[in-house]
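Respectively, the protein sequence lines represent chains F and V.
Residue 761, in numbering that gives the first Met the number 0, is where the first sequence stops; the numbers in between run on with no holes.
Residue 761, in numbering that gives the first Met the number 0, is where the second sequence stops; the numbers in between run on with no holes.
Hint data in this document are derived by calculation from the structure and do not stem from the laboratory.
Among the clues, some could well be false.
Which copy is meant is left open, so a pair is good if it fits within one copy or across any two.
[Unchecked claim] Distance condition first, Cα-Cα at most 30 Å in a straight line; then the derived DSS-like pairs of lysine-lysine: (1) LYS20 - LYS70; (2) LYS156 - LYS223; (3) LYS349 - LYS63; (4) LYS620 - LYS70; (5) LYS19 - LYS70; (6) LYS742 - LYS128; (7) LYS205 - LYS63; (8) LYS395 - LYS620; (9) LYS474 - LYS503; (10) LYS474 - LYS543; (11) LYS472 - LYS620; (12) LYS388 - LYS19.
None of these values were measured; they are calculated from a predicted model.
In case you want the letters, here they are:
There are 2 protein chains.
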Amino acid sequence: MRNLFDIHDWKIVETSFDPKKQMQAESIFSIGNGSFGQRANFEERYSGESLQGSYVGGVYYPDKTRVGWWKNGYPEYFAKVLNACNWIGIDIEIQGESVDLNHATVLSFYRELDMQSSTLSRKVTLRLKSGKELEINSIRFCSMHRNEIAAISYSVKPLNFSGNVKFTPYLDNNVSNDDANYDEFFWEEESQKAGNKKAFVCSKTKKTNFHVATAMRISFWKEKELQEIHPNFATKSLYAENSFETYLEIGTTYTLKKYVAVASTLNHSEFSLVTHAINQVKSAYLTGFDDLLEEHKVAWSNIWENADIQIDGDVAAQQGIRFNIFHLYQTYTGTNEKLNIGPKGFTGEKYGGATYWDTEAYCLPFYLKTADPKIARQLLIYRYNQLDKAIENAEKLGFVNGAALYPMVTMNGEECHNEWEITFEEIHRNGAIAFAIYNYVRHTGDHEYLKDYGRPVLNAIARFWFQRFNWSKAKQAYVMLGVTGPNEYENNVNNNWYTNYIAKWCLSYALEVEESWAKKDKALLSNQELFQWKEMLDKIYFPKLEGTNIFLQQDGFLDKELLNASDIPDAQRPINQHWSWDRILRSVFIKQADVLQGIYLFEDHFDLDVIRDNFDFYEPKTVHESSLSPCVHAIIAAKIGNLDKAYEMYLRTARLDLDDYNHEADEGLHITSMAGTWMSMVEGLAGVRVYEDHVLIDPKIPATWKSYSFKIRFRNNPIQVTVNQEGYVLENFGNDSITYTYKGKKIELCANQTSNSLQLIV
Amino acid sequence: MRNLFDIHDWKIVETSFDPKKQMQAESIFSIGNGSFGQRANFEERYSGESLQGSYVGGVYYPDKTRVGWWKNGYPEYFAKVLNACNWIGIDIEIQGESVDLNHATVLSFYRELDMQSSTLSRKVTLRLKSGKELEINSIRFCSMHRNEIAAISYSVKPLNFSGNVKFTPYLDNNVSNDDANYDEFFWEEESQKAGNKKAFVCSKTKKTNFHVATAMRISFWKEKELQEIHPNFATKSLYAENSFETYLEIGTTYTLKKYVAVASTLNHSEFSLVTHAINQVKSAYLTGFDDLLEEHKVAWSNIWENADIQIDGDVAAQQGIRFNIFHLYQTYTGTNEKLNIGPKGFTGEKYGGATYWDTEAYCLPFYLKTADPKIARQLLIYRYNQLDKAIENAEKLGFVNGAALYPMVTMNGEECHNEWEITFEEIHRNGAIAFAIYNYVRHTGDHEYLKDYGRPVLNAIARFWFQRFNWSKAKQAYVMLGVTGPNEYENNVNNNWYTNYIAKWCLSYALEVEESWAKKDKALLSNQELFQWKEMLDKIYFPKLEGTNIFLQQDGFLDKELLNASDIPDAQRPINQHWSWDRILRSVFIKQADVLQGIYLFEDHFDLDVIRDNFDFYEPKTVHESSLSPCVHAIIAAKIGNLDKAYEMYLRTARLDLDDYNHEADEGLHITSMAGTWMSMVEGLAGVRVYEDHVLIDPKIPATWKSYSFKIRFRNNPIQVTVNQEGYVLENFGNDSITYTYKGKKIELCANQTSNSLQLIV
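Just chain F, with the same shape it has in the complex (with noise of 0.2 Å):
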């Protein structure tokens, strides 16, 4: 695989202009900071293909359902993500001429992503067609310091003439969305007003009438000194603009400087939107762009403190590793608990909504991991926000009782996906749900945390579960009819391993909970229900391989021709881009981890030899045409000591967007799975394990690297791993002594101490 862009430990650089590589450039080069984000678009006029995204967090819109054929329970709409107000806009012309990259002659083009201060930045030479030539420098940033402030530095020096240039910074609401089921527009007009260097626009969402209100202010600068301009200010509908022509001289550097605020109702009443956000504004313009840029610095300065993975001795799996990392923090920092990780993050539109259960499956863990603990708690209080629609959801589907169906894709609770085979079928994101309270409790201890707010969470997945079993009698024992398993090649199946595993397992921990804490606190759940879980419990039907270790992923697997991903002609890989859907699902071959990923989430209640062994059954027949699969494969196979499986699975993942592995980068990053990456490499690769009482470490490196070393929370408290080739040293940079296991060696670690010297890897 070609790398696509420059190879850099922090950086992620592009050294000339392909203008057919602009649209994954626009994705890969994004910024954001979990409030807001834009897609890495050029600030002048550019009328060469592009996918112009700014997105605003949470605010979406219900685009009417697109269907084929109807089915009873779908959902009339889809929550899509919103193209919201371009606030990176600077027009310049130059005596009538304007600016476009796709119609100048580009002399040189430097595009730079620093990941280590997320910011974006850009020079370029170019000649206009009139023979004039310039240089553009410009530099910009979402504030992850103040999260509603974005600032553009953007410099203009004429290199071989002097003259007049028209500079028009502006703001433009009229915006439609990439992806819109009918083409509909999704915005109306509030208000804009433009003024003497300053202008802004509120606009409203349509039917979930979200007011966005989007304001600036500029200055200009002839070298380092401020200049006097008198701008002309207009605006039209969702528009407004500040122009104004000067004379530039040649070899002199002019820079506008732009400070952005970008508000919304999700924060703020109707009422004071506006003024909030001309307040904003005018305090990040009084702070001014250095100091602005200079506290982002810092606070992401903080987020790398934790979350950075370092790797010595492989530049491109280092830049692979940070690229994931830096755009998980730039989708969610946790700030927000209306505020939830979509799948495109602020890089893109693809696949509407902001929660899956991806969210819980990968994201949880690596927040958990790399941050304080109140950032993963948002993300279970968004949930339990969501706990009377999850209840409204299951009774659409006939359920009673205060059962709990979690949607599949959501933006504020109510299910938006329409496929009925994932929609009402692909139910173990219910176990997701919960198993991401237990991981949480694990991590943190917060049990006060389970009281108040997991349990009510926990009972309502039980219940839901408790009714969708039902008795067979042919089998004498409880059974899950018609559900899609992880594994999406196949569908409507009969005892999906996983999910009877999940569910058997959420009625026993919801039990565990309740018992524990109707001691303490009141008692949510009746003797009756108490009772009827338990019975249930040690009746649900799993299917196996006799005489194996195998679990069979569901009922009738073993009926299928038994044959391996290998066996696929190259020719028709992937195969969901070369065979119909019904060949997929009759194939015995498995999208991405299902088995599996069941025995990865509960890896403690399984001998290694029963891991071996499904590893070794399912692997092979494994296409991990998920980006959510390899993930899972590389943790699994470093536990079973096969180094190198583990790692061909992490190569898999870490420079999956960054290299655009699936030509599909133009579209927007895949936001969710680059938690995944993350897990290979912590959970793979150094074997972490976080258990109620201690950590376990278990690490292997691949013989390419000189080290790594990472940085994980446990009960808050940070510890460093360094791996070697030749061992690994623990630092706990907390303030609690804590233990770690190391191939069943139990080993304590006071508060702020280092294991002293190198561990030598057994």
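Given the coordinates of chain F, work out where chain V should sit on it, guided by the hints.
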């Protein structure tokens, strides 16, 4: 159930005007002649709720597929039956006031569909806002004798005034489909002209480029006296009219006769089309209304001669059965091998396409027994002509070597449907097409057909089945995974008993036919194929309930909660309107006969005990939410001696549309299921079976009926069966002596012979 319209043995009669019933009436009073057809819209403008619908057989538009989530293998388009040129239009205006039943006071109203003569007539008296009263008398028909001709006689009588009245007979192809996925307009202008008492509109369909020419001629009469008129003529895009104003005397009847030809490039070259239509309409005009009507009646009387069922003692049942027979012959007459039987015929647009497996499974037996064998043969030729497309269709799904999968829905042989669990998985339709060939041969003895046309189709279908089974190591048998059986309330199941059974039968029948013809004609299959198929036959897996006679609908069926339909609360019926799709799928409830469909087709393969046990097991679990279900149950119930159940099931279908049980007659009628009603009578109550060398009868009669009588064809000999409470009489109107059996007794019935006297029913 309240009757929607008056009960009459040969007529559907509406005696008062109810705008709320207009849409239903438009469907129910539809007329057609197998080539084109027309909903019972009013000739004069009507501004009330209405679906104006004129449909031309075989002319379709490839409407862009609407899909929620694209799956590989889905077709790009869905062929839509086209709403075509409105040829009935006659506007009436009296001194600026339009005649429109929606704005007038209707003083009396009488609408009649005479099924014997296939004429739609109407007599209305009305008062306009101006106080003027008039009487309208209209009668129209689509000629069964000249299949491109229709005629209207439209009379106006002023009741309380004399004065000028303006008549505007027109042709209008500015018509949109009610059923269009993206509200596209499907027609393009080709040419139009209006002349003295004549006009035509020729339009063409976008993309498919079908040309349809509609031509008219008019004459005007005062009482019985032809009037000289001098109409103005005008055209605009897709529209042509004549208009003339004339003085009408109080109490005198004035009649506009409108002759229409409808021709298309399905049957004519683009070059000659308009001329052909003009010539046709001229010839009709010269023949005159009365003679056209007369020849039309004769053609219908020939149909009724063979197809009628007379029921004495139950007028509602009599009307119901005739209504079904009537609409089947309006839809399909077998004169054109390019046509087939659309689910709504010419009565509406819903579902698009023309051809479903309904044709072979339900309609073919009807035509085989009620008409010359060449009519049924056309239906087989239709599929023979589309074999190449069926092979392409199978190739898209990964099948090779000339395997064919006929489409779920089609117009031209290409698949139109896009719902993976149906399109790719409801493959039993392939079996119905093979069975139709077998059924045709046993009714007609046309083995020559088998040699030249049947064999290639049978072999291609058998090749599909051979590849669609796979060897299960676990079961040591061939299994078929991922199918949807006739019961569409189960999706993507393994080893659907019906599908496995009909697939095995196809292989076996194809082998038998091939081996018999290979000696006399050239061999079409390799020895290897013959060998492999034979090897497979003995090793096909069938799910069974061990220790009983019950064939299991599919693997895992017994894991369901084994409830009966009677356990469902009334308020939750039909379940397809009350339950979410997954709940329906998980439930045991059966939409339409599945195992019983197989038992129906292959009745002779099973002992009566087996049939009874399976009926008793499945019938209580069946909710009959397909109009194609009760007929199969009626036939089997009769077979096992459960006359009450047979009659109950017969009643469920007989007046389905006539009384609009399902509140959907406004969209059009259930044409194909009408054949099912006929089957419940002839194969159910009368117990008729046709074998290679004899006919079996086993007549029963409901207690409330005096007698019933019908004809069936056997080897092209019309055999009349008359049944009353004591016994039955058979009459052979054919030229060959035939054998029939009754209760195991073989009886010879010579040419032109009656079974003498009444045979007692034992």
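Hint check results:
no., hint, verdict
1, LYS20 - LYS70, "between (41 Å within a copy, 28 Å between copies)"
2, LYS156 - LYS223, "within (13 Å within a copy, 95 Å between copies)"
3, LYS349 - LYS63, "both (15 Å within a copy, 22 Å between copies)"
4, LYS620 - LYS70, "between (32 Å within a copy, 21 Å between copies)"
5, LYS19 - LYS70, "between (41 Å within a copy, 28 Å between copies)"
6, LYS742 - LYS128, "neither (69 Å within a copy, 98 Å between copies)"
7, LYS205 - LYS63, "both (12 Å within a copy, 28 Å between copies)"
8, LYS395 - LYS620, "between (36 Å within a copy, 24 Å between copies)"
9, LYS474 - LYS503, "both (17 Å within a copy, 29 Å between copies)"
10, LYS474 - LYS543, "both (13 Å within a copy, 15 Å between copies)"
11, LYS472 - LYS620, "between (33 Å within a copy, 17 Å between copies)"
12, LYS388 - LYS19, "neither (44 Å within a copy, 39 Å between copies)"
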